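Residue numbers (our numbering), protein chains in the order written: chain G, 1 to 319; chain V, 1001 to 1417.
Quick caveat, the hints were computed from the structure, so don't treat them as lab data.
Since we're looking at a predicted model, the values are computed, not measured.
Certain hints may be false.
What the hints assert, rightly or not - Among chain V residues calculated to face chain G with C-beta under 8 Å, some are:
id, residue
1, G1099
2, P1103
3, A1394
4, Q1415
Yeah, the Cβ is synthetic: ideal placement off N, Cα and C, and Gly gets one too.
These are the residues of each chain, in order.
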Amino acid sequence: MLAQNDIIAPSQTQFQRLFANGQLKMVLIFVPPAILVFTMFVILPMIQAGLFAPYKWSGYGPVPWALNEVTGKDFGRWVGSQNFERMLSHSAFKQAFINTLLVITVSIAIQIPIAMTMALMIYKSSRINTIFRLIFFLPYIMAEVATGLIFSFVLDGNYGLSKSFSDLMGWDKAFFPLAEKPWAFYCILGVIVWKYFGFHMMIFIAGLQSINSEVLEAAKIDGAKTLQTVFLIKLPLLWPSITISVFYAVLGGLQVFDLVMPMTAGGPSNSSHTLVSYLYMFGFIRLNIGYGSAVGVFLFVTGVAFAFLYRNTVQRGQS
Amino acid sequence: MKLKALALISTLALMSGHAAADVEIDVLSINRDSATWKQMYLDLVEEYNAQHDGVTVNLEFMEDESFKQKLPTLLQSDAAPDLFFSWSGGVFYEQADQGFLRPLDDVTAAEWQDELSAGGMAALSYDGKFYGAPEASQNVAIWYNKDIAKELGLDPTKIETYDDLLGMVKAAKEAGVTPFTVGGQDKWPLHFFYSLLAMRIMGQEGMAASAAGENGGFANEDWVKAGEEFVRLIKLEPFQDGFMGVKYDQATGIWGDGGSLFHLMGDWDLGASRAAASDGGLSDDQLGVIPFPMIEGGKGKVTDTLGGASGFVLTRNAPDEAVDFLKFFLGEKAQKRAASEGIYIPTAPSAGGLVEDVVLKQFAGIGGASTYHQLFLDQFFGSELGGVINDVSAQMATGDITPQEAAALLEETRQFQ
């Protein structure tokens, strides 16, 4: 009996201390709403999507397996793995998957190097650098849909910049990049690079500014050239920032949607869909919630698998 | 203080008493951008409310796309309207199939079939039951620009066969004129070509057989032939430059600005192209209309029509008063007004003759002489198979798939339904 009391007593005081500090109060006040909201809007829909995926269901009724009292039938129909099989054999889905991979590749191979170059040029504090940082960051602030609309006008061969350019080059036919395969998707890729490199640049600037200036001074005294400083000191010290940037680039690439819709709406002939715009078009617009859920599950599994792998390999050991 | 409380209580009592006696009918329409159309709705509602004590009709408008998006959830909620606009077709079938709509009793249905057109009522029927009343009838035909035709020395009224049409497409192309404008990004304007070709080739029976999965469903030689004929047109590069990057409303603006010789579109395009064109669009004198021509050896008729039949349908919990209002709202009187003001082409046969607008009159004529009216295929076959019809029409237009592949894709989708 006595021993038991001994064990409980200190933990109780610890608990009381927590309460007295106000920490527990904070936890009790702030955590439940967050968990509630997260569960309602993130966890539940994810579970739902998983449950809806094996059904053919138009979205009428609360859930596909509920009995519709008016008709005496269930709202949806169990189709097992058919949604997944159809998805994997659908040419537009394959194209959407390839396009998503393209977004990720371009983000990593083109966008991040550009962002890095810019960051290296303007990371030092000065008035002119602040102005450039603002200019390069501006595209990131703009709303995606607005950006998409602007570029759909710019790339229009009837009255946009594309027409002026075609006239300038003396072509007798104006160039309509958004109506041509594969140009339509290349245009979207270009806009993605233009819009998001500022975001990565900011991550790199923050990383560069936190590099200890003594290290750079030491290098200078040792006679290191600019390029040597960049490749042998700055980039290695920036590694944590780069891994974060790549992480955002991949997850962001999996989510591209709002630029695609106003620019091409997935066209011409479903050649410029990303996974998410494909999900929206073939799941929601065509009232096929079960199929859309199957695509959603695929997207989710891909995202989680990547995040898990990446965290445990590249980002291992980083806090 | 006491007095105030008493006054409050009596006011509350009055209000609740009022609410109990009153039947509210909520009507949800899509946006009526045309001012005369909207005004007619408002007038009708006001008139009905004035004539009927104890019944209040609330009319609400919603933008097309958000209407489509919200309807599934709205219909399942307590806030479901009693009457709502419907394009008929697959979405409507699904609503009826899932029991969200209220069928009309047999007497009313028979009466309306007689007065408001049997064809229109048929579009709003499912599994032998009727769920609403038809409003406007829409038909697709080939519009042509008389000025351009004259310049080129062509007379589109002489077109009888599809080969004649292709001949004129070639002639226009050689003269440097764009034969057709089309909003390829929306896909459905392209599916009109494929649909009409299929209708001319297989006729009403062939279409019904495909829908029922007979003769191989869609994987038969008629559908392949329809695709091949479509590809023959595509090979001539009949569309404006960059047609796959343009939506319908932009395309019809180009047409309204005199950008092409032909335009395959429905009667609603009259208002739409004038609104989208930069200078008011083409005048009545400049516009000509011809039916889609016949294909030699086809089983269909040149008088078979493709189009829509929109209307309003009743929801499951709609009160009897809603049926009465619907009769008034889309009844003969209203349709006659719509016809004489040139608002839309009414379905009611008694009102059809009242259309005065020169252009709409031609469409009313085409609709009136219809031997078989086919609902837009992308609506008729439901959102999924309909969506695939749009997809394959666009893919054939860009040369991505062959007519055989298109037919196979359609059949595969049909089987999954």
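TODO: Check each numbered hint from earlier against the structure, then list the numbers of those it violates in ascending order.
DONE: 2 and 4
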